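Enquirer: Each chain is listed here by its residues.
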Amino acid sequence: MSTISTTKKAYLLLQDGTMMQGTSIGANGTAGGELCFNTGMTGYQEVFTDPSYTGQVLIMNTNYIGNYGVKSTDVESDKVTINAIICKNTTNRYSRPMADGDLGAYLLANNVVAIADIDTRALVAHVRTKGAMNCIVSTELDQVEALQAALTKVPDMSGLDLSSMVSTKEAYTVGTEQNTLRIAVLDFGVKRHILTSLAERGAYLKVFPAHTSMQEMETFQPHGYFISNGPGDPGAMDYAVATVKDIIAAHKPLFGICLGHQLLARANDIPTFKMHHGHRGLNHPVKNLLTGKSEITTQNHGFGIDPEVTKQKSNLTISHINLNDHSIEGIKMLDRPAFSVQYHPESTPGPHDSRYLFEDFIAMIKNNN
Amino acid sequence: MPRDNSIKSVLIIGSGPIIIGQACEFDYSGSQAARSLREEGVKVTLINSNPATIMTDPIVADKVYLKPLTVESIEEILEESDIDAVLPTMGGQTALNLAKECKELGVWERFNVRLIGVDIKAIDKAEDRELFRQWMIELGVPVAQARTANSLLEGKEFAQEIGLPIVIRPSFTLGGTGGGFVMHKEELDGALDRGLTASPIHEVLVEKAVLGWKEYELELLRDAADNVVIICTVENFDPMGIHTGDSITVAPAMTLSDTAFQLMRNTALMMMRDLGNFAGGCNVQFALNPETEEIIAIEINPRVSRSSALASKATGYPIAKIAAKLAIGYNLDELQNQITQTTSAYFEPALDYVIVKMPRWNFDKFKGADDTLGLQMKSVGEVMAIGRSFPEALQKACQSLENNATGLNYISRGQLRAEELIEYLKRPTWDRIFKIKEAMQAGVSIKTIHEITLIDKWFLYQIQDIISTENNITQQKNLEAITEDLMWKAKEMGFSDEQIADCLKDCNAEQVYEYRKQLGVTRVYKMVDTCSAEFEAKTPYYYSAFEKPALQIGAHALVQNESKRSDKKKIIVLGSGPNRIGQGIEFDYCCTHGLLAIKDSGYEAIMVNCNPETVSTDFDIADKLYFEPVYWEHLWEIIEHEQPEGVVVQLGGQTALKLAKRLHEKGIKIIGTSFDDMDIAEDRGRFSDLLKELNIPYPNYGTAYTTDEAIEVANQVGYPVLVRPSYVLGGQRMRIVINDDELEKSVVSLLKHLPGNKILIDHFLDRCQEAEIDAICDGEEVHIMGIMEHIEPAGIHSGDSHSVLPVFNLGPLVVDEMVDIAKKIALKLNIKGLINIQYAIKDSKVFVIEANPRASRTTPFIAKAYGVPFLHIATQVMMGVKKLKDFTIVKHLDGFAVKEPVFSFNKFPNVNKELGPEMKSTGEAIRFIKNLRDPWFRNLYKERSMHLSK
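Line order of the protein sequences matches chains X and B.
If you read the first sequence in this note's numbering, its first letter stands for residue 6, the second for the next number, and so on.
If you read the second sequence in this note's numbering, its first letter stands for residue -4, the second for the next number, and so on.
Worth double-checking, as some hints may not be accurate.
Here are the simulated lysine-lysine pairs, DSSO-like style, with alpha carbons at most 27 Å apart [claimed, not checked]: (1) 747/B - 13/X; (2) 512/B - 13/X; (3) 13/X - 484/B; (4) 203/B - 120/B; (5) 151/B - 3/B.
Everything labelled a hint here was simulated from the structure, so no lab data went into it.
Please read all numbers here as calculations on a predicted model, not as lab measurements.
Start from the sequences and build out the full structure, keeping to the hints where you can.
Expert: The following block contains the structure:
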């Protein structure tokens, strides 16, 4: 029995001209996107299905992916959302009795181009020092010129509204109607486990497409609004900012995660910016300034909110900061029942330290009524 | 909370002599803690009876007490020094037990000393098996069904109730001493009896055995504000049932999904937060049922441990250093990541490599010992290897073991058939990993191997991948037939050049090396940085890996080799590999001092070693650390990359010394004594010629390759004779025999284990006195560091003898003679650096037994006893930057210092405790006596022949 065939070559070209050769471990084809990296050591399948990664090519800098197979419930959406995968090692033979398939077959079934045997560590350091850039991965093209031509077609992440593409087309409900506490979810690419986390805590949810107005959502008679995570540039989402403004103007309880956090900031006239290379991983230290306690968080964002403008706002407070680079990780409005965090408290994959935020949100809704 | 400023002076308790289950990892953590506290301006007082430790050196602590670890010693220290607090979590079980005893006797209270890091309640809850169980049940954490027994009768009743198989776990013992499995009814009484006897409180836990569950360890840090982080998750290759110290372990966890891991993390956090008053490093162990992914808690250790030392080396995160700061009040979010120096200490390291730890055993020293691996730890040391994949790390670990393995390819491969191998694998032994590979090669299925060993199939698949690559190499008709792709593949999987040459049979390692260099297959060095390259790190801690270069470099350079060669002049220090009997912690002490002396002399000091328990491989001791096997291929590529001025081989024991020949042949400068002069000392024939020339007496000797030759030589030199192989450590397989029959038996056994070895046969000077000298020579002048006289008569290995510094019984004429001889030999051998000379004295005549042109086991002992930084001096002399005349050496010793050997026989109940020419002790203690009327000494002297083997 052989492991993954080593015969099929694949190529990687970065925007700055760096070209590497590796082994194809997924579908045949060519795929490009913004190059970013994740340092998490577990949870590859959850990462690959996270809608926030839409449009990106992800370097998995952990030593192995595929080592414990794939399992139908370890997903954050119905499909693989990332454009392509770059990794060092992969194994298709796994030992986990609870798994239901191997990663190679899963990538083929989901038509994902993936390249292994790459010096991922050097690439991560490259992105860290040179910043996010586009790249192309191909199993078909082995000439620089052809790869270059394909690379030029990859759109720039700045100014890109990807959320309306990944958002649900139709509204749907989650949880049982018996739950009297109703939350409207504005979907920009919501992770499945965020919905589970809210439903588990006794909420009945209705998930609305990205372009839904507040008036439309009001027909659900929600007690609170959740603004979801999602891919793309928050700066290109004026329609969503308008919706968030309506919600806070109405004094409705609001909780935002990641993109939702950036939208709450923009609704308060705080600008967002594209980060040098973003935060993606399962080990980012965050301090809750309101409680003094710290938490290890899951993160996945390439944009941030402007710290200087935020500090000047008298109607909101910075609730969480990142202990590594002191960037803003959470804000809380003082005159409205609204708060948001830049990281992912549902944390799939990742540590469960921040799940209290869902309870805080439920409590906020209850207090408000 | 910021640092507690009321703590100005802290006492750290060490772990005492090295024994199996408690080794030099505690020197590593204790030294780190001491340095960490001194950084904060805290005065550090240290107690430890082990003279071979760095922690008891003036460079580490403000005040050192080399005293027995007893309540009396603690009281004496507290009378004498003003201590605010005691930190008991750095010295293993020994320190915790002593702290507890002092607490019970009210000592801490009486002197108004605070216990920091942990309180006694937390220790009890964690260490007392029954309290732990009750606590887990209250918390809702699943545990294995069990009951605590205080008598044989109770134990039998509970065993009946729970049903076999069961585990017996004694309370308050270390390294699982006295513990064991009971699979069959007839083993029950014996196992219970052993367990109850081993426990200081005569208590055992009778527990249902969860055989075949997977075993994990989480290393955590917690601060007083309840912040907890997981520093490292370690997965045991060997499933439940084998002590983690005797298991091959891997980090990060290789077979855990995020859901399974988060369940463990959540449970560990809950346990930590509920532990009580605790700030520091802690270890939690879990067993996981692979079918259901449910977990049970096995144990919690509220202190730093062997695993935390490993986790520190595995991740780069200095657990003991941070733990010490937490103990004096800091919170994690107030501290900095020591490696990046820009990010927070409150985070969880991410690894982009794999580490494999392999234990090192010494069963050959314990004849009659049961070498089945189980609940009780039996290994004496360990190696750690770092690679970008599991196969690479595994094979590097094999190359680090120093047992002739060239990879996962043990040299003495047996010719067992498949059925025999299946039978062999049913009993876990030290060479199981090698035998698994053999079994697969003999056609045994992964399914069968999994069923017998219960080792997770993922690991078995990886071993199979190694085999398929090996087969691929073997099938090539010659070296040139190996394609670039295959060469990359082989090297990425950790195959050594030697291993590849063995597969091909038409070439040697050197040719493989040349050929792959032509193909461009060469090592790059990657950094251990705690963060998977997410942040820039400042710590020069490297391992080698194989990474294919980019096809094209674009606008920005791609940094694949992170180890940048500096412009400074540099010197490489070779470490001593895994600890084992005859070569242990003392060489870590020597290397650490050597590195500091090299730095002080303005050179860049580069360390190469693979032993994770050492201080010399701590991230801030050398200027650059290569955590690599002390194996020629790895060393050579480091030399190629760094181009050092030279290599120090005198400080890393026999391991380092034996690489001198190849370095010399390659034209690399050996720092200090030249290779040729060292070879004279090491080669019995050349050395005897030198002694003859200098007119120095030595016992008659001869050499032989066969039994017949041996008998002839023995009769020439005259019985009794000492028979031993050449080039071995700690008197391995050395025997004293009195007639032809005995001689034949021992030569046959020796040649069976070491085929082709040159056998040395010396006339044995019966009933003579032994003594030794350690000296430094700069080529012109000789300084005698110390003269030690052994209490036991000749026939007991010097490492197992009590030795007294200075001599107590030998006359001045004899001493003068010894000194005179030492000077003659050192000057004749052009020693630049250290030399150790061993003597036998019979009827006032001085014979030279051997000379070692390197740091010896006793060098640290003498340095401590006299309070002189001899290693620092010796290193500078070695380098030639200073002469002996540049130093003023003042020795302080009131009375005598006695080096006391310490044994680990309690781990091997069936082993005969007699002593002989083969070293068996695992550690040593130092004891100071005022004069020869000391009652302890008088008793020792009286019994000096008691343990001599027949």
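Enquirer: Each hint: holds or not?
Expert: Cross-check of the supplied hints:
{"no.": "1", "hint": "747/B - 13/X", "result": "49 Å, violated"}
{"no.": "2", "hint": "512/B - 13/X", "result": "25 Å, holds"}
{"no.": "3", "hint": "13/X - 484/B", "result": "14 Å, holds"}
{"no.": "4", "hint": "203/B - 120/B", "result": "20 Å, holds"}
{"no.": "5", "hint": "151/B - 3/B", "result": "52 Å, violated"}
Violated hints, listed in ascending order, are 1 and 5; each of the other numbered hints is respected by the structure.
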